[in-house]
Amino acid sequence: MEPESRLQSERLQQPDGSPGPTGTVDGSALPAETSTEAIGSKQGLSVALRGLRAFYGDSEQVRGVDLDFRANEVTAIIGPSGCGKSTMIRCINRMHEEIPGARAAGEVLLDEMNVYDPSVDVVAVRRAIGMVFQKPNPFPTMSVFDNVAAGLRLGGIRSGGSKVELRAKVESALRSAGLWDEVRERLQEPGSGLSGGQQQRLCIARSLAVKPEVVLMDEPCSALDPIATLRIEELIEELKRRVTIVIVTHNMQQAARIADRTAFLLGGELVEVGPTQQIFTNPSDPRTEEYVTGKFG
Amino acid sequence: MSAAPRAGLPERFAVSAARRRRDWIARNLIVLGTVIALVPLVLILYYIVRKGLGAWSATFFTTDPTGNTFFKSESIGGIKSAILGTIEIVALASAIAIPVGVGVAVWLVEYGGDSWFARAVRFFVDVLTGVPSIVFGLFIYIALVTGTGSSYAAYKGSFALALLMLPVVTRSAEVILAQVPDGLRESALALGAPRWRVIFGVVLPTALPGLVTGVLLAVARAAGETAPLLFTAATTLKTSFGLGGFMNSLPVQIYRDVTSPTTAVVNRAWGTALALVTMILLLNLIARLVARRSRLA
Chain A
332 MEPESRLQSE
342 RLQQPDGSPG
352 PTGTVDGSAL
362 PAETSTEAIG
372 SKQGLSVALR
382 GLRAFYGDSE
392 QVRGVDLDFR
402 ANEVTAIIGP
412 SGCGKSTMIR
422 CINRMHEEIP
432 GARAAGEVLL
442 DEMNVYDPSV
452 DVVAVRRAIG
462 MVFQKPNPFP
472 TMSVFDNVAA
482 GLRLGGIRSG
492 GSKVELRAKV
502 ESALRSAGLW
512 DEVRERLQEP
522 GSGLSGGQQQ
532 RLCIARSLAV
542 KPEVVLMDEP
552 CSALDPIATL
562 RIEELIEELK
572 RRVTIVIVTH
582 NMQQAARIAD
592 RTAFLLGGEL
602 VEVGPTQQIF
612 TNPSDPRTEE
622 YVTGKFG
Chain R
50 MSAAPRAGLP
60 ERFAVSAARR
70 RRDWIARNLI
80 VLGTVIALVP
90 LVLILYYIVR
100 KGLGAWSATF
110 FTTDPTGNTF
120 FKSESIGGIK
130 SAILGTIEIV
140 ALASAIAIPV
150 GVGVAVWLVE
160 YGGDSWFARA
170 VRFFVDVLTG
180 VPSIVFGLFI
190 YIALVTGTGS
200 SYAAYKGSFA
210 LALLMLPVVT
220 RSAEVILAQV
230 PDGLRESALA
240 LGAPRWRVIF
250 GVVLPTALPG
260 LVTGVLLAVA
270 RAAGETAPLL
280 FTAATTLKTS
290 FGLGGFMNSL
300 PVQIYRDVTS
310 PTTAVVNRAW
320 GTALALVTMI
330 LLLNLIARLV
340 ARRSRLA
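Chains as they are written, first to last, in this note's numbering: chain A, 332 to 628; chain R, 50 to 346.
Hints may be right or wrong, so weigh each one.
Sample of chain A residues with no beta-carbon within 12 Å of chain R, all distances over it, derived [said to hold, decoys possible]: (1) K571; (2) G598; (3) P606.
What follows is a list of derived Cβ distance ranges for each label pair [to be verified]: (4) R337/R to R618/A: 41 to 49 Å; (5) Q584/A to V80/R: 50 to 58 Å; (6) K466/A to A107/R: 55 to 63 Å; (7) V339/R to Q608/A: 52 to 60 Å.
In short, the hints are calculated from the structure, not lab data.
Where is the CB? At the ideal position from N, CA and C, for every residue including glycine.
Let the hints inform the model, and build the full structure from the sequences given.
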């Protein structure tokens, strides 16, 4: 590990109790932490793909991608359906391998540490790299509160300490997801009773509660109406101060609105990556230009 | 049904008389089929209630059968030992079959997938479902009664019933667990939860109402079985709480009473049948209540 690396590899190898960089994982420094700034106390980490390849059985869906996601930036992945966008980001937190017959090759560097290294604990990787899915899917048996607390409880961290500390963490995550004011009176109601947009922000809060350094979003707005979409986009803008965000989107206007950098994928290969402005106005590859101007896809 | 054709309606929009007729015939055939299916059900319930209620009395549930079959001056006794025996035997059978059955289902859904071993397990579970109940009784009789040179015992009856319940519990639990959306598992895994915590924290709670329904149906089926108990738990008259000794049960009591030459004893069989049906009905009601109280839509 490089000395300047901000990642403490120790944390990634011992998920059950060793304190994270800010000492908050075991709740030791907590109760005061109720403000929105709580999660902001930590910076995002960079992610780099090196020769990443992903397979479903014998079919290769991601064909050797090298791509850097800079810390505390929003990087959008665009490309036509079936180009491997979702598969690629699912490799970043090693969710890809959960599908029977699926495997990945190459390296994913989380601040210089390869998450595919055999000595790395996959559970710890997923705590450091959160994920928000296309369909809002709060746990149906859990209340709003329990949904947000789920990551802390299921993760084997001893409930994050006392009830007071757990409450503080849940409130902090809900505030960060911009949902607190809407649900503070309904914390014990089922999470599935919220509106679609609220459910998706609940899912964002759920992933923020375990304090990830990177958040992957797989078309998080595609099931939402325009107003709910706008709320999520504002939220992403807000969140990038705290975490690194990688977002897959079918909506090019959305990419243009929220992303610092945009990557264009085609047939499992990276065609081009650059500042969003440049990708949309002055792409260097003709295929990118055809795609962003709507000639195909 | 629709009103008479309106004057001035263009002909191509009018429902033809032939179609009306076919619709009428088809609807009435369906109603007729439903009625035919309901006839035996209603008749069975009617006879059990009419004949059974006559046998019920204040002491019917509080006294053991006396074994007296010819002296009209003496009481023939009630069915206390049979009710308690059924509860004890079925409780032990459930304590064996439910954890094992649900465990097998969890393995099949969460780990087995489509492997050859999982397919083999499914095949044998299906075969077991179709095995006549007397075969389970014979198996236990050979293995635990004559095989060990010992005698009948309540726990041996429980083993036979557990074998009978096992495939039913496994199959119903597998179907229910497979219905838990994969998105929930993925979300929980992506939060950094180890797989076993995903199963216990998300999958099983989400499936719980369905699991309870399936389990109670298996319990109800086991409670009504005579054949596996006849030569495993044997017959006795006295109330017993020792699972190592002989034990009475409702189906066996019915079996014994109905073959008696004495009218009063045959009538007790009807009363016992009504008690058994009522118990099973209560179990089903509980299953429905549990399903309704859950938060799952």
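So, against the hints stated earlier in the document, which numbers end up violated here?
Of the numbered hints given earlier, the structure breaks just one, which is hint 4.
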